[in-house]
Amino acid sequence: MKFIRFVVLILSVFLAACAGASSQSHSQSGSSAYIQNKGSDTIVNLALAWAEKYQAEHPDVSISVTGGGSGTGIAALLNKTVDIANASRQMQAEEITQAKARGFDPVEFVIARDAIAVIVNPTNPVSRLTMQQISDIYSGKFNNWAQVGGQDRPIVRLSREVNSGTHVYFRDTVIRLGDPKNKTLFATDTLLLPSSEGIVSEVRQNPNAIGYDGLGYVPSDLKKVAVAKDANSPYVLPSIATVNDKSYPIARDLYMYTAGQPTGAIKAYLDWIVSPEAQTIVANLGFVPIIK
Amino acid sequence: MKRSLSWSETLITAVVKTCGYSAVVFVLLIFFFLLREGVPALGEVKLSELLSTRWYPIENHFGILPLITGSIIVTLGAMLIAAPFGIGTAVFLSEISPRWLREILKPLVELLGGLPSVVLGFLGILILAPFLRTFLNLPTGLTALAGALLLGGIAVPTIVSIAEDALDAVPQSYREGALALGATKWQTIWRVTLPAARSGVLTALMLGIGRTIGETMAVMMVTGNAPVMAIKLSSILAPVRTMTATIAAEMGEVANGSTYYHVLFFIGLVLFVISLAVNIIASSVVFRSKTRAERVLS
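If you're matching them up, the sequences are chains C and P in order. Just so we're aligned: the first sequence equals residues 220 to 511 in my numbering. Just so we're aligned: the second sequence equals residues -6 to 291 in my numbering.
Calculated directly from the structure, the hints in this document are not laboratory data. Since we're looking at a predicted model, the values are computed, not measured. Please note that a few of the clues may not be correct.
[As the list claims (entries may be wrong)] Below 30 angstroms or equal to it, Euclidean Cα-Cα: the simulated DSBU-like pairs (lysine-lysine) are: (1) C:K400 <-> P:K39; (2) C:K402 <-> P:K225; (3) C:K486 <-> C:K402.
Modelling step: build the complete structure from the supplied sequences, incorporating the hints.
Encoded structure:
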């Protein structure tokens, strides 16, 4: 599924490039606007869906969307080659310093929320885990499902590659339990798979596997694990409701950044993104809409 | 004596010469580029750190040993599968099968070589890995063995195609001579035809190794990419991370000129040196066998 999306992404990049080229020739005639949007791979499907809808409603605006990762998008914003950077993490202090050195203040917009679901094979009897247990599984302390109340089977840990924003978020929030002094690492035998699709297909056919992925990318035939913050908290399944009431512990905001306060067409686009109309697209893609 | 070359001949000679030298020039340029981008890693990371066993580059753990052992175990496994299979197929095509069958089979084998490795990778993820897991009762099928099997499959067409050409080039009189002396068909193949085609067969194997160690996509999809030390015999049944998969997966997002970037190029340099060593060893073996053959003939 991710691969199909990827193909769609490539195509739309090409189309966007063509549209960009043609819009530049239009812009000489006057009224049209061209917005460049780049960054997080988590957000890219959402940003594409938004751009499509918005362009259909506003034929005078053309928007090009590209992925590449949160860091890539922010770097492009710093180099002023894009108008809006997508990021699945907040800008780091040093990136903000760099922006100031280049003469602008980055402005942050929360555009949607995303939950990271912990997934296992449907035949796995384990249906709930605490954050501490997930941390111990991924750090290599637990190596058998029996240690967390399952069958006597080895645990196969799956993770995204190290350049994924989701990997970093999961390491900091779950494995290190949000403690910045904690330097626990993934166990060395953790399988690092280059795509969401790789994780999904391995979890689908392997009863030993545990993996994690953005809620929007988990197909319905896999089992999501209910997660508790600690042993005394209730176990909560990831969903739009549990993310918004903050009871599901592994959820994050998704951001867009502009260089300085946006104006004109960019401001109009960002205003539209937080409108109820645009936020229904968020829910359709499996992300969590923001409620004002 | 006056030699007259028409200008077109001079031109063609120049073009051919340029083509010949350009290969050398390109290899040198690539080598210098790798040196320039990779060698700074030695200054930025301590050698003891580079030779440690932990690869987690986003927090400055730059141990490349797991990656080197991963590449070696997958390549060795692939060659153990591909070499007998490839040479066997070549011998069958050239020596045993009737001519009409060869005309059908050889293009088919070469067609197999044209399959994009990413397609094989898909087959690996969806069919081979689940099969290995249930058949061998492993925790996961994404292992070095899955990578070796796929890479073996990728190397076989290369080996078959070149080895078969070499066997086919052995003069018919050799075989006739052997048979006339009372050798059986097998003795003729094993003692006469194969040794006579030795340099071509070795070239085939070396190109096969070259394809194997440099292959990226299929390996990245099926070996699980866990950077563990692959030094035990049982490591073949465990996930490994190869050098090529590491570079491919991580090059996308590193900052230009950072330590991480230099270490990735250093891995590329190691890979280059390994291929170079394989090639040098191969050509020296081929060279030696040739001179001996010449001595016998003279």
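For each hint, the structure was consulted:
no.: 1; hint: C:K400 <-> P:K39; result: holds (25 angstroms)
no.: 2; hint: C:K402 <-> P:K225; result: holds (29 angstroms)
no.: 3; hint: C:K486 <-> C:K402; result: violated (41 angstroms)
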